[in-house]
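Enquirer: Below are the chains, spelled out letter by letter.
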Amino acid sequence: MRETIQINYVVGLLLLVNACQSEEEIKRQKYITEGKQLYKTYCANCHQADGTGLANLYPPLNGSDYLAKKDSVICLIRSGQQGPIIVNGQTYNRIMPANPQLSELEIAEIATYIYNKWGNETVTTDIKTVREQLAQCAKPSGQAVAP
Amino acid sequence: MPASTSANNLLVLLGLLVGVAGCGPSNNRLPVLGEKQAVTKTVNGKEVVDSVDHTIPNFRFVSQYNDTVTANTLDGKIYVADFFFVNCPTICPKMKTQMKRVYDRYKGNPDVMMLSHTIDPEHDSVAVLKEFAENLGVSGRQWLFVTGLKEDIYEIGQKSYMVTAAEDKTAPGGVVHSGAFILIDKEKRVRGVYDGTTEEGVNKLMGDIDKLLAEYTQ
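Chains as they are written, first to last, in the working numbering: chain A, 1 to 147; chain B, 1 to 218.
Source of the hints: derived by calculation from the structure; they are not laboratory data. Some clues are possibly wrong.
[Unchecked claim] Far from chain B, some chain A residues (derived; all Cβ distances over 10 angstroms):
| # | residue |
| --- | --- |
| 1 | Glu23 |
| 2 | Thr33 |
| 3 | Gly51 |
| 4 | Gly89 |
| 5 | Thr129 |
[What the hints assert, rightly or not] Heads up, incomplete: computed chain B residues facing chain A, CB under 7 angstroms, no partners named:
| # | residue |
| --- | --- |
| 6 | Asn87 |
| 7 | Pro89 |
| 8 | Pro93 |
| 9 | Asn135 |
| 10 | Leu136 |
| 11 | Gly137 |
Remember, predicted model here, so these are calculated numbers, not experimental data. The C-beta atom is built at its ideal place from N, Cα and C for all residues, glycine as well.
Make the full structure from the sequences, and use the hints.
Expert: This is how it looks when you write it as C-alpha cells:
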C-alpha cells in the first residue's frame, strides 16, 4: 500500500515535470514562430531571410562570430548600430536603423529565433533577460529612452 | 482509304502547327510602354503629324567613378534602371539584393547594363556611391551608380521612367520612392516595369531581359 502511494507520487512528479517541459517547449516554439515573422519584417531586408547578409554591405547572422556578444545584439536590435563593426574579421560600416517600436516581448522573440536558428541555442530568450539587458545598454545619444 | 485520311489529318495538323508557330514570335515580343507622343514634321514640303514612342531623353549625371554619364553612355545597350539611396532603411536593401542577382546573371554581357540613380544626392556623393558599389561587390562599368541634381533625378524618374520619387519628411529616410526596376531597350523605350523588391518580380525581369536580347539576334 505504501509502495503504491510512493509510485503514484513518483509518477505524478514525472508527469508534472513533463508537463512543465512541454510548456516551456511550447513557449520556445511560439517565440521562434513569432520571431521568424518579426525577423522577416525588421531584419531580413538587409541580413536576408537565410541570415547570410549582403556582400560587404550588411553582415551575416548565420555563421557570425558576433552572436557571441548577445548583450550587444539585444541592444542593437532596439537602438540600431552606427560606425564600423567587425564580423568574422570583416569590417562593416553601414547604419542599422533603430527599432524603438519593438517591445521587449518582440525583441525576446527575435533573439530566440536568431539564437535557435544560428546561435546553437535551444532555449527561449525570455522577456526578463531582454528587459535587464536593455536597461544596461548605452543610451543612444540625443534620443529619449523609452520607458 | 484509311492511309490517305490519316495523311490529310497530318496535313491539317501541320497547317495548324505552322499557324501556331507563326503567331509565336509576335506574341512573345515585349510591349512598348508609355504614351506615344505626336510630332509634327515636314515631308516633301507638307506638314504631317507622326507619333513616336515614349523614350528616355538625354540626361547628364555623374557615376561612382566621377565621370559623366549621359544617354549616349547607354547607346547600344539594354539596361535596367532603378532609384534608391544609400541610407534607405526600408526597401533599398531588398532592391540591391535583387539587382545584384541581375548583375551576377548578366556579368560580362556587353549588351546589358544597370543604372541606379540616387534620390538623395546631398548625402550620396561620388565617394559614397563608390564605396557602396565596392561593398556590394560591384566593379567595372556594367552597373553604374549615378548622382546629379536632385530635380533632374526626380524629373527623369517621374516623367521618363514612370516611377514615384518624392521627398516626404514623414517617410522613413525622408523620401518615398518606388521599388520598381525599369527595363529599357536599345532604342531607349520602356519595355517593362517590375517589382524590384521581390524575387518573383526580378525572375520575371530576367526572363524578359532574355526575350529582349533575343529580339536583337533575330
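Enquirer: Hint by hint, note whether the structure agrees.
Expert: Outcome of the hint check:
Every CB of chain B is more than 10 angstroms from the CB of A/Glu23 (nearest about 38 angstroms), matching its label as outside the interface. Distance to chain B confirms A/Thr33 as a non-interface residue, since its nearest Cβ pair spans about 22 angstroms, more than 10 angstroms. At roughly 13 angstroms from the closest C-beta of chain B, the C-beta of A/Gly51 stays outside 10 angstroms, upholding its exclusion from the interface. With a least CB separation of 15 angstroms from chain B, A/Gly89 remains clear of the 10 angstroms interface cut-off, as annotated.
Every CB of chain B is more than 10 angstroms from the CB of A/Thr129 (nearest about 27 angstroms), matching its label as outside the interface. Hint status for B/Asn87: holds, given a least beta-carbon distance of 6 angstroms to chain A, under 7 angstroms. Satisfaction of the interface hint for B/Pro89 is found here, the shortest Cβ-Cβ separation to chain A being roughly 4 angstroms, below the 7 angstroms cut-off. Contact between B/Pro93 and chain A, as hinted, is supported at the beta carbon level, the nearest pair being about 4 angstroms apart and thus within 7 angstroms.
Satisfaction of the interface hint for B/Asn135 is found here, the shortest Cβ-Cβ separation to chain A being roughly 4 angstroms, below the 7 angstroms cut-off. The interface hint given for B/Leu136 is met, as the beta carbon of that residue sits about 5 angstroms from the closest beta carbon of chain A, less than 7 angstroms. Checking B/Gly137 against chain A by beta carbon gives a least distance of about 4 angstroms; that is within 7 angstroms, so the hint holds.
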